[in-house]
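Novice: Given next are the chains, with one letter for each unit.
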Amino acid sequence: MVSRLGILTYVALAVRNLIRNRRRTTITLLTMMFGIATLTLLSALNDGWLSQMKTNFILSFTGHLQIHAKGFEASQNLRDNIADPDAISRYMDTYPEIIGWTQRIRTSGLASVSGSSTGVQIMATDPEQETWVTSMDQNVKTGVWLRPGMNKDLLLGKTVAQNLGAKLSDRVILMTQRPSGEMISEVYYLRGIIETGAPQIDRTLALISLDGAQQWLQMQQAVTDIVIRADHHDQTDTLYRLFVQQLSEQVYEIMPWQELDPMVRQWLEFSDAYGLIILFVVILLVLTEILNTMLISLHERQKELGVMIAIGTQPHRIFLMLLFEAVLLIFVGAVLGYLIALLVVMLLADSGIDLTDYANAFEFFYMDPVIHPQLTRDSALKILLATLVAALLAGIYPAWKATRLSVSQALRIQ
Amino acid sequence: MLEDNQSTIIQIQDLHKCYWVGTMPYPALNGIDLEIHKGEFVVLAGRSGSGKSTLLNIAGGLESADRGEARILGEDILKMGNSQRTGFRLANIGFVFQAYNLIRVLSARENVAYVCQLQGKSKQESLEIANHWLHEVEIGHLGYRRPDQLSGGQQQRVAVARALATEPKIILADEPTANLDSTTGRHLIELMQRLNQSLGTTFLISSHDPDVKQAASRLIKLSDGFIVNSWDEETKPPVSLAVTCPIRNRPFGERLRHFFKPHRTADQQKKQGTSRHS
Ligand SMILES: Nc1ncnc2c1ncn2[C@@H]1O[C@H](COP(=O)(O)OP(=O)(O)OP(=O)(O)O)[C@@H](O)[C@H]1O
Ligand SMILES: [Mg+2]
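Respectively, the protein sequence lines represent chains A and B.
Quick note, the first sequence lines up with residues 1 to 414 if you use this note's numbering.
Quick note, the second sequence lines up with residues 1001 to 1278 if you use this note's numbering.
No wet-lab data here; the hints were simulated from the structure.
The model shown is predicted, which means the values in this text are computed figures rather than measured ones.
Ideal placement from N, C-alpha and C gives every residue a C-beta, glycine not left out.
Check each hint, because a few of them may be wrong.
As the list claims (entries may be wrong) - Which residues of chain A face chain B? A partial, calculated answer using Cβ under 7 Å:
| # | residue |
| --- | --- |
| 1 | R16 |
| 2 | V264 |
| 3 | Q302 |
| 4 | A310 |
| 5 | I311 |
| 6 | Q314 |
| 7 | K401 |
| 8 | R404 |
| 9 | L405 |
| 10 | S408 |
| 11 | A410 |
Claimed, not checked - Covered stretches of chain B (chain A as the covering partner; in silico rule of three or more C-beta atoms under 8 Å from a C-beta of chain A):
| # | segment |
| --- | --- |
| 12 | 1022-1032 |
| 13 | 1074-1087 |
| 14 | 1100-1107 |
| 15 | 1184-1196 |
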């Protein structure tokens, strides 16, 4: 005998049961909504500041990808240089993922102003090209950005300038070694002061133009870094793989931004783990709540379920009905919660959440004191998946319990 | 299935049923022999705790037994698997319970139609059948009400309509009037009696309501799990606990407990055994 009572009938029964217990359904829905909304919001905040941090980090200095001569990142020695950067730069126009690139020379040195001196990271870059890769030019707080052709221009990080007591137009003497090891020094004029917000940069940066530096260091066309900015963070991996294919790993090292600053990577990993823990805790709470509701509801309806089985309902249909109830509760709640969070995210996306009052702690990690929440597809999927798993777990157990109901026992309940 | 001229609907032989309360066995049915024929209106009477519900539940395939046979329409319902039993109930047996018979979120006619739909009829047809049977039980005008908008007596009528809607060979009713006042109860019984006569459906009703007993075409008296001929009949010779309550049928949880606390439970069992059979 085939029953015509299709799935729809049991969905309808589930819906009616939920409506009958209006108060319990409402409370459970609110819990669900609150849980999922909280989860989504926290996740959006997390994603927002992570993405912000990545952007800040990448824009302030490193770019998405750097190509060095093999061993340079470890040795920081000018002898490990790329002698023929044109061999690489011809790729730059062929990949649409690249929106900007520049060449740099990085080396350590000493800066002195009228008697006081301090260690600096000398960085030489192309004044034009650099603006396509990082936002250093916009971080010039006093003075001007490097001017093309003006090879005596120098920009200093804010802290360096403070430590030296240097003012605009001051003569600053830079001292360093050529690749040959010969010590050299040269006079520059302070044209601007840069404040990136990243302390290790502001504390050490001495920026000059690439052309002048190549002459001063007698390096001809050679550079130490080729720095690439991708259109989007997610394209870093693609570009990385492209360059790994094209360039010999005997000669070059190709480093994505995560590798260029292990601290940042650790921080990002930590923050991912932290996100997972929040996900886990919220889902656990929600699951407990739904499970509790379903078990109470099952207990209250034992007699009715007993009657349904007695008059000929196959237990697996009872299973379906109860499972629908739980899944419906969870999904309606989750969707509502998600929509609320989405609304809040949209409202806050532009203005952001201003944490200026607590900002001291944030400055350290390339963070703006204003967080712009942002929902990524990844976290949306994660939340969706977790909700689904929770729905099934919280639904299956009570539904399974119902199929094990002793009918005769249930019928004795008055 | 049974031909019309075969008149035995229920045939119960040597039926034993034992309940376990903790580690203590409690025999509820001690060897029941019973035969019910087509068209009978049988009332099962007995004090509270005499085993009426147990007997009905076993006959209806809602409960297992420890020993014996329960042939319904020639098939031993005790030998069927769970799902087969459910199908068998749907096809052949109508149930009316003491109270709270109905699915609370469905209207009266949806409750009746539900079983027809379970049988594979279309929703439309099922609702028509439901209307018909609600008229038969004289509450055709209340079809759109939900159970909580009906009186106890009306609810029981809906339950009777539902039991009949599948056109079963037999209706098992466990104290259908116990929650009703005597007039309402009497009306319900008269209704069932009338349906029994007009449709020929066999009824097996348990009750301690005198009105129900009067309506019976046959009265079966149940006392302490035995069928007796009169209420003051001598107690039957004791039945061995080992027969009614074989240890192997003890629920698994109880067996575990027994395994971990063998001394105490063994003592208790001895005490229980002697007090029961001396
Ligand atoms: N699940 C159970 N566990 C233990 N004992 C049970 C259980 N169900 C019933 N019993 C016992 O079995 C005996 C028969 O119970 P049953 O419900 O069949 O009696 P009844 O004749 O229907 O009584 P009533 O008129 O009160 O409904 C009773 O003594 C009861 O205590
Ligand atoms: Mg009873």
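Novice: Could you run down the list of hints and mark each one as holding or not?
Specialist: Structure-based check of all given hints:
| no. | hint | in the structure |
| --- | --- | --- |
| 1 | R16 | holds, 4 Å |
| 2 | V264 | violated, 57 Å |
| 3 | Q302 | violated, 11 Å |
| 4 | A310 | holds, 5 Å |
| 5 | I311 | holds, 6 Å |
| 6 | Q314 | holds, 5 Å |
| 7 | K401 | violated, 16 Å |
| 8 | R404 | violated, 11 Å |
| 9 | L405 | violated, 11 Å |
| 10 | S408 | holds, 4 Å |
| 11 | A410 | violated, 9 Å |
| 12 | 1022-1032 | violated (count 0) |
| 13 | 1074-1087 | holds (count 4) |
| 14 | 1100-1107 | holds (count 7) |
| 15 | 1184-1196 | violated (count 0) |
Checked against the numbered hints listed earlier, the structure breaks hints 2, 3, 7, 8, 9, 11, 12, 15; every other hint is satisfied.
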